[in-house]
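Respectively, the protein sequence lines represent chains A and B.
Per the working numbering, the first sequence starts with residue 360, numbered consecutively.
Per the working numbering, the second sequence starts with residue 1295, numbered consecutively.
Since the hints were derived computationally from the structure, they do not count as laboratory data.
Glycine included, every Cβ here is placed at the ideal spot set by N, Cα and C.
Heads up, some of the hints might be wrong.
Said to hold, decoys possible - Now the in silico label distances, taken between C-beta atoms and shown as ranges:
1. GLN1716/B / LEU480/A: 22 to 32 Å
2. ASN1705/B / ASN399/A: 48 to 58 Å
3. ASN1705/B / ASP592/A: 33 to 43 Å
4. ILE1657/B / GLU642/A: 19 to 29 Å
5. ASP1634/B / LYS543/A: 22 to 32 Å
6. LEU1719/B / LYS555/A: 21 to 31 Å
7. ASN399/A / GLU1356/B: 38 to 48 Å
8. VAL624/A / LYS1512/B: 47 to 57 Å
9. LYS555/A / ASN1394/B: 45 to 55 Å
Unchecked claim - List of simulated lysine-lysine pairs, BS3-like, C-alpha gap at most 27 Å:
10. LYS468/A / LYS1349/B
11. LYS395/A / LYS1605/B
12. LYS1558/B / LYS550/A
13. LYS575/A / LYS1602/B
14. LYS1552/B / LYS540/A
15. LYS718/A / LYS1558/B
16. LYS582/A / LYS1552/B
17. LYS1439/B / LYS524/A
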Amino acid sequence: MNKRNILLILNIFFITLFGYAIFVLFFRQDMFDAQKILKNSMLQEKTFQPQIEEIISQKGIKAWLMQEQSAPIVALNFYFDKAGYAFEKEDKQGVAVLLSNMLEHGAGKFNEEEYHNILDLNAIAIDFSVTDNVFKVSAITPNANLNKTAELLKSVLTAPHLNQKDIQTSKLQQIELLKMKEEKPERVLSKIFREKFYSNHPNARESLGNVESISKLSRKDLKDFIAEHFTKDQLVVAIAGDISKEDATAFLSYIFDGLIEKRNVENLPELNVNYVFDEENIERDIPQVISTFVAPGTERLTKDFYPLYIANEIFGGSGLNSRLNKVAREREGLTYGVYTYLKTSKKAASIRGGFSTSKENYAQMKMILLEEWQKMANEGVTEQEFEAIKDHMLTSFNLRFRSLSDIAKQLLYMQQEHLGMDFLQKRNEYIKKVTLDEVNEAAKKYFSNKPSILTIGNN
Amino acid sequence: MNKLKYLFVFYSLFLFSVAHAKIPDFESFELDNGLKVVVSENHKAPIAKVMLFYKVGAMDEEVGKSGLAHLLEHLMFRGTTHVSASSFNDLMLQNGIDFNAFTSKDWTVYHALTDVSRIELVLALEADRMEHLIIDDEAFQTEQKIVYQERQQRIENNPKARFTEEMNKILWQDTPYEHPISGTLEEINTLTKKDALAFYEAYYTPNNAVLVISGDIKASQAKMLAEKYFGKIKNKKPFQKIQKIFSKQDSGEYVIKKQMYDVKTIQIKMSYIVPSVLDDEKTAYALLLFSSYLGESGHSYLTKKLIKTQKALSVRSNVDLFVRGKGEFKLSLLPLAQTDMSKNIKMLEDTMVEALCNLTPEILELEKKKVLSWLVYVKDDPSDMAHLLGIIASLGLDITRLEDYVVHILNVTLSDVQNAVQNMLKTSKKVTAVLMPKNEVSDE
């Protein structure tokens, strides 16, 4: 090796070193080290073990209670099962929603104005809502006003005024709401979807009823609905907040002990849903195509539930990070968002999803959906995706305890889905136990079915 | 109960609460670089809401650049010099953080609900993108397409949303509020990466932001963390915000009538431009109380006079007063008699005047009490609390000297309300808008 060669090598060496120094100095920023931040965090994970207990009123009504003293507030949520719009008689469609509005027009010794003044002056809120299966009530109150809340609720459930004139106005409002639903393309899409999916089954119904049925509803229909559905045997109750066990029990007894024991509510006809139908479009003059799709899923208490839940989160359930959004939104800019979710209803369990996109994008968007769908069935998910979603589900666990109404809602949901009183203690264990193989088996099993698609605006 | 609906009412509760010494624990301070920090403790569950308010929104966009504030909000999720393009979202997901952002006329807000063990991660990521955003050409073009799709989905698909936008355009004509937040379809497509970077450089600086941390954390700890992650961020240049001008002569009456396909119901909307809480506190609070009495509380005056007597199907009022620009007093009506719209409009106006005539000091005191009663819920949900504190602090209202404001509210008298409403009726710019179905056959 001669001197010149050595110099050359040295030169190269120094130039490289110099280059590296320049790189370090000017270009290589400190990379963001999330692990280090988490490890050195001032606040570490806390064990948060919310305790639920069951309380029983004098007359045997049960409720789940979570005591939570951080604010002087109590949330009470309850529903009557088999009292949703699917359980209405054929010619009485819309009666449950009509009742939910009529309950705000005075009850017992309170006329409408007094009722609302008591609510407003005491920061008490009482809301009524109707789903396909249940008639739901959610109430929240400062604990100092528990007695007033109990009295209002008891009056509402047992002695609503149901004045003829108010009924007439409420019916007109309900018909107006029905028309407003037709103004929104997503609502029209979802209505037609239900008709395709459930065919003649009452679950396909519009919750508000139809113009003809609403017009004919009478005071007697409302009273009949109460007599038939507001019964103890269908009642499910949850209480959360700053309240002692004794007070909660007394509260429960006062409101509900006077209810009728039971009535026989007929079961709905056996469900036999259509998971498979040809793609169809509803004509409408809008700039986008809105799409909804369905494929078979699994019920809440099956062994497939958590594996499929994880697979779905990775596929389309986890927002911006889902595979579908990474391709269709983040990479291609085809849509503001695409989503999928699991519906766990009995005999109708499904993977559901939807998106909106400009007409000219629709073909590409649909292709991405079907390709990604197929990929889930063929290849499943990666270990990295699997671990990330598990971490997500474990670390987001506590977010469900944000407000007392969230907590009461959670307690009600646990009862509705029969998750058990120890669900909150066990939930993270359920997640940890799921294996990658189980997720991929579920992906293969469920994503092998092609989704059935319905659109609006694809003219 | 829709708690966010009460958000602005909460503000006044908040003020009352000082007088009643029931104020939730919170602290407010400013870092050397001008970043305002507000902390509120809530120890229900080991979680926290982190919100970062930038005092910039659609109102700060130049003419022809509508949608820029919103587009930049999207780009803030597309990577920095330290965090690669999609790892921001990946990190948020993996750590179970429920995160998002929104843009309004006044603000651009980034928010995250998180387990307390991840607060520092959220703060580190927010601090990083306040300073080190990079906008990649490809990402820019993709996000431009995404906001275009978003606008179609939210506004263009929906006749009522298009109608509301048209109404706002007339109400706010020649003011900074004229821009639709999502931008017009034409202008979204002409925005450039340079526009976005210039906007970022001008407005995304510590002294133009408010950080709120609300949840299971001690104020002292939050203070240390805010200092640790945001304390070293320098302001990009001497920050000089362009003062947006609202002309003084906002007056005149405008009526628009519109028929649209796919509309099935008749709707009447009426809006007045009124002083905001920053313009004229006394008037703003008087209007807040009047609206609550007129058309917000459970059994409001309008309900009593128009629904119970079967003259309308739905009627309500509401106010936007906690804003950077001018405030707005809004009314909406679904008429029952669908024949003569001018009669319906007159009925609404007359009933409002009548409500003012029938307002007594006793009723006003009752209305104050109703507003006050909801105070207790401020302690429940850390997200509501964060949102509320963020708006107050971003408006520049001094939350450590609330007592002054309490006095203002408690002092609202009947004649204050009368003056405020009469002034509004006499001098405010007003737009009345009627939306009706379009008959597909007869109109061809």
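Against the structure, the hints:
no. : hint                             : in the structure
1   : GLN1716/B / LEU480/A: 22 to 32 Å : 28 Å, holds
2   : ASN1705/B / ASN399/A: 48 to 58 Å : 51 Å, holds
3   : ASN1705/B / ASP592/A: 33 to 43 Å : 56 Å, violated
4   : ILE1657/B / GLU642/A: 19 to 29 Å : 52 Å, violated
5   : ASP1634/B / LYS543/A: 22 to 32 Å : 28 Å, holds
6   : LEU1719/B / LYS555/A: 21 to 31 Å : 52 Å, violated
7   : ASN399/A / GLU1356/B: 38 to 48 Å : 43 Å, holds
8   : VAL624/A / LYS1512/B: 47 to 57 Å : 52 Å, holds
9   : LYS555/A / ASN1394/B: 45 to 55 Å : 33 Å, violated
10  : LYS468/A / LYS1349/B             : 51 Å, violated
11  : LYS395/A / LYS1605/B             : 65 Å, violated
12  : LYS1558/B / LYS550/A             : 17 Å, holds
13  : LYS575/A / LYS1602/B             : 21 Å, holds
14  : LYS1552/B / LYS540/A             : 20 Å, holds
15  : LYS718/A / LYS1558/B             : 25 Å, holds
16  : LYS582/A / LYS1552/B             : 42 Å, violated
17  : LYS1439/B / LYS524/A             : 52 Å, violated
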